[in-house]
Amino acid sequence: MRRNLAARLGVWSAHHRKTAVLGWLVFVVLATVIGGASGTVTASDEEMGVGDSGRAAEILKDAGIDEPAGELVMVGARTADGWRDAAADLSKALDATGEVRGLKAPLSSEDGKEALLRFEIKGASDDAVDHVKPVLDAVAKARADGEARGISVYQFGDASSEKELSDLLADDLKKAEFTAVPLALGILLIAFGAVVAALLPVGLALTACVAAFGLLSLASHQLHLFETTYSVMFLMGLAVGVDYCLFYLRRERDERAAGRDAETALRIAAATSGRAVLVSGLTVMVAMAGMFLSGLLLFKGFAVATILVVCVAMLGSVTVLPALLAWLGDRIDAGRIPFLNRRAKKGAHASGGLAGKVLRPVLARPKFFAVGATVLLLALAAPALGMKTEQLGLEKQFGSDAPLSVAYQEITDEFPGGPAPARVVVTADDIGAQPVRDALDALTRKAGDGAELTVHKAAGVAEIAVPLPGTGTDAEAKKALHELRDDTVPAAFDGLDVEAYVGGDLASSEDFGDQLGKGIVPVFAFITAVTFLLMLFSFRSVVIAVTSIALNLLSVGAAYGVMTAVFQHGWGAELIGSEKVGAVENWMPLFVLVVLFGLSMDYHVFVVSRIRESRDRGMDNRSAIREGIMRTAGAVTGAAVIMVAVFAVFGTLSMQDMQQMGVGLGVAVLLDATVVRMILLPSLMTLLGERNWHTPRYLRWLPKISHEDAEPTARPHSHNPPVPSAR
127 MRRNLAARLG VWSAHHRKTA VLGWLVFVVL ATVIGGASGT VTASDEEMGV GDSGRAAEIL
187 KDAGIDEPAG ELVMVGARTA DGWRDAAADL SKALDATGEV RGLKAPLSSE DGKEALLRFE
247 IKGASDDAVD HVKPVLDAVA KARADGEARG ISVYQFGDAS SEKELSDLLA DDLKKAEFTA
307 VPLALGILLI AFGAVVAALL PVGLALTACV AAFGLLSLAS HQLHLFETTY SVMFLMGLAV
367 GVDYCLFYLR RERDERAAGR DAETALRIAA ATSGRAVLVS GLTVMVAMAG MFLSGLLLFK
427 GFAVATILVV CVAMLGSVTV LPALLAWLGD RIDAGRIPFL NRRAKKGAHA SGGLAGKVLR
487 PVLARPKFFA VGATVLLLAL AAPALGMKTE QLGLEKQFGS DAPLSVAYQE ITDEFPGGPA
547 PARVVVTADD IGAQPVRDAL DALTRKAGDG AELTVHKAAG VAEIAVPLPG TGTDAEAKKA
607 LHELRDDTVP AAFDGLDVEA YVGGDLASSE DFGDQLGKGI VPVFAFITAV TFLLMLFSFR
667 SVVIAVTSIA LNLLSVGAAY GVMTAVFQHG WGAELIGSEK VGAVENWMPL FVLVVLFGLS
727 MDYHVFVVSR IRESRDRGMD NRSAIREGIM RTAGAVTGAA VIMVAVFAVF GTLSMQDMQQ
787 MGVGLGVAVL LDATVVRMIL LPSLMTLLGE RNWHTPRYLR WLPKISHEDA EPTARPHSHN
847 PPVPSAR
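So in my numbering, spot 536 of the sequence shown is number 662, and the numbers just go up one at a time.
Please note that the accuracy of each hint is not assured.
[What the hints assert, rightly or not] Below are the DSBU-like pairs computed for lysine-lysine, each with C-alpha atoms no more than 35 Å apart in a straight line:
hint : residue 1 : residue 2
1    : K514      : K572
2    : K301      : K289
3    : K583      : K514
4    : K187      : K604
[Unchecked claim] Computed beta-carbon distance windows for the label pairs:
hint : residue 1 : residue 2 : range
5    : A505      : G165      : 46 to 54 Å
6    : V647      : R457      : 46 to 54 Å
7    : R748      : L151      : 53 to 61 Å
8    : D623      : V647      : 34 to 42 Å
9    : I646      : A490      : 35 to 43 Å
10   : V322      : K301      : 22 to 30 Å
11   : I191      : A505      : 49 to 57 Å
12   : L131      : D252      : 41 to 49 Å
13   : H347      : P464      : 17 to 25 Å
14   : R743      : K144      : 30 to 38 Å
15   : V155      : G228      : 42 to 50 Å
16   : D263      : D539      : 19 to 27 Å
17   : D263      : D623      : 46 to 54 Å
Just so you know, the hints here were simulated from the structure itself, not pulled from any lab data.
Because the structure is a prediction, the values reported are computed rather than measured.
For glycine and all other residues, C-beta sits at the position ideal for the given N, C-alpha and C.
Kindly generate the complete structure, drawing on both the sequences and the hints.
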């Protein structure tokens, strides 16, 4: 029988162990060193924009106008004008830092008990985060000095919030690394009962992540990245890296436990689980490529990051892993943990005790269980019908009790629209022409108190900062923004040869959401088509391909429903240390859709391949389903527990979007590995019967890919196994 690609890679790696292992190490070191030396390029505000807000930012950038990083500090007192001495002292301290420019006189609130200090951080806005520390220290000292006198001090601005965000992301990523890795290692210890066997998947997954980090740094010079991209890469890399190794290693150990010699066991694992890893990895990467169709830089960065880390993890699993297994031989069981090792050995090749108990009634009453599982998933998905999405501002991202969120809320309560005004950007051939200048002045007056006009005559550009009512992000602010865009600005420049666009934080959020709405259709069409074609090519069955998509959609729908219930409605949010925010992060549904379509293939390809393998050996449909699911139950359970554990860690991080991502993906994987794979898949395949494996006449030209590997008579175990030949 002609070996498939995975089998050939496995045999070659086992025969050239030193070359495979050293080649992997050299690759990881080079990728890390070169990537680290090149540095990472993050996306600027101008690159993030789309729609009218993106055009406004582009006009300013083309004109060489850098929007300075503005900061606001509110000083409050118990009595009217009681803030004056504290504000004067703070103003002097801010000037003394040497990092502040354009400090304006204090702006008093309506009741006179609060004053707002407005200023900018010196230097380019992209570098402001590097210069804001002395300012933060000066404000912190003023806050501490004023507490005894009943003076309150709150700060919010571009540089301070960006620094807080960067520091928080760094801390969260470190927390994820130091929590998720030990969790994965502990689960693998329980699964395998041996230290070496547990360390191998974790070690390969971590080296894959490290190498991918370096490659992503290089890629960032062509495609600039968001700061959250590295967190997403680590999340995906650790999850799929451990899973791929687990599938491969579990099959090799099962074959050894069944009496195969090392050569045969490794070859069978390469030909079966190795092939499933290749198909799964390819499916994940192609699905992730669908994010390029969103038209958003955020998703393009996610696509590059996930494709890189999945590709590296996949290649490591089918090359360096078999080389290490061939080198270790029976030493893979070194560091045995007595109680856990007995449990692992008992379950390694058993027919699947728990799986057998679950499958018995499922296969006996497939219609009942198929309907029941579908109803359960649809019930979990029901809250998603009322899902609201928005670009969560920093005040929601950090949580209502976070100092930055408290500061934002306090400032917006007293000075509405202050932290995030709309910005009208106007460009004309002659921005100083009297009709244009009259229109600018009239619009500034109509915008009300707090509106500020800035004219860059040499660049032919003017800006008007327009405070928005409410919190600057709520329904009242959105209504005002739409009026500004649809009525006020067009009317102000009617008949004039100018271009006018409305930007700002809220405008950017609205435009981002609009682009997401346009992008989700082509992305969804792409990933469903790709999933269908890959499954069709792998199994030569239209039924298998269609049911794969249907099962994926049920898992995604359930994840949407849980995310909506927890984060929009607040049901059980306190259990994970989160809170009700009234909406789901607007990029989350598309991201979860793409990732789950990819990740679910891990289990689906692995399980269906094993079912097809049994079917190819002559078993009837029902027996093949039972055999395939029972043989894969242990690996799927272990892989799912690891993925859920990793995602759960992200569900406990500080950032709201990381929490939503962790909960959404964790719930979906848990349901996918239990309700879908153990109940819905076997019951549905049982009901479909022989139609599962029918290849229509018009598709019989597709190449027939074997899902089995010849199993020669088992040979006795040997401590030092022979090296497989590279036939």
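Verdict for L131, D252 (Cβ pair) under range 41 to 49 Å: Roughly 46 Å apart at Cβ, these two residues keep to the hinted range, so it holds.
A505 paired with G165, Cβ distance criterion 46 to 54 Å: 49 Å, holds
Hint consistency between K301 and K289 [alpha-carbon to alpha-carbon, up to 35 Å]: This hinted pair holds, its Cα atoms lying about 18 Å apart.
Satisfaction of the hinted span 46 to 54 Å by the C-beta atoms belonging to D263 and D623: 49 Å, holds
Assessment of proposed distance window 22 to 30 Å (beta carbons of V322, K301): 27 Å, holds
Verdict for I191, A505 (Cβ pair) under range 49 to 57 Å: Taking Cβ atoms as reference, I191 and A505 lie about 53 Å apart, which means the hint holds.
Status of the given 42 to 50 Å range, CB of G228 versus CB of V155: 48 Å, holds
Given hint K604 paired with K187 - CA-CA distance at most 35 Å: Cα-Cα ~26 Å, so holds.
Outcome for the supplied range 30 to 38 Å, where the beta carbon pair is R743 and K144: Since R743 and K144 have Cβ atoms about 36 Å apart, the given range 30 to 38 Å holds.
Distance restraint evaluation - V647, R457, Cβ atoms, bounds 46 to 54 Å: Since V647 and R457 have Cβ atoms about 53 Å apart, the given range 46 to 54 Å holds.
P464 and H347 - C-beta distance against the hinted 17 to 25 Å: Because 52 Å falls outside the window, the suggested range is violated.
R748 versus L151 beta-carbon gap, inside 53 to 61 Å or not: Since the Cβ atoms of R748 and L151 sit about 47 Å apart, the hinted range of 53 to 61 Å is violated.
Hints 3, 7 and 13 from the earlier list are contradicted by this structure; the remaining hints agree with it.
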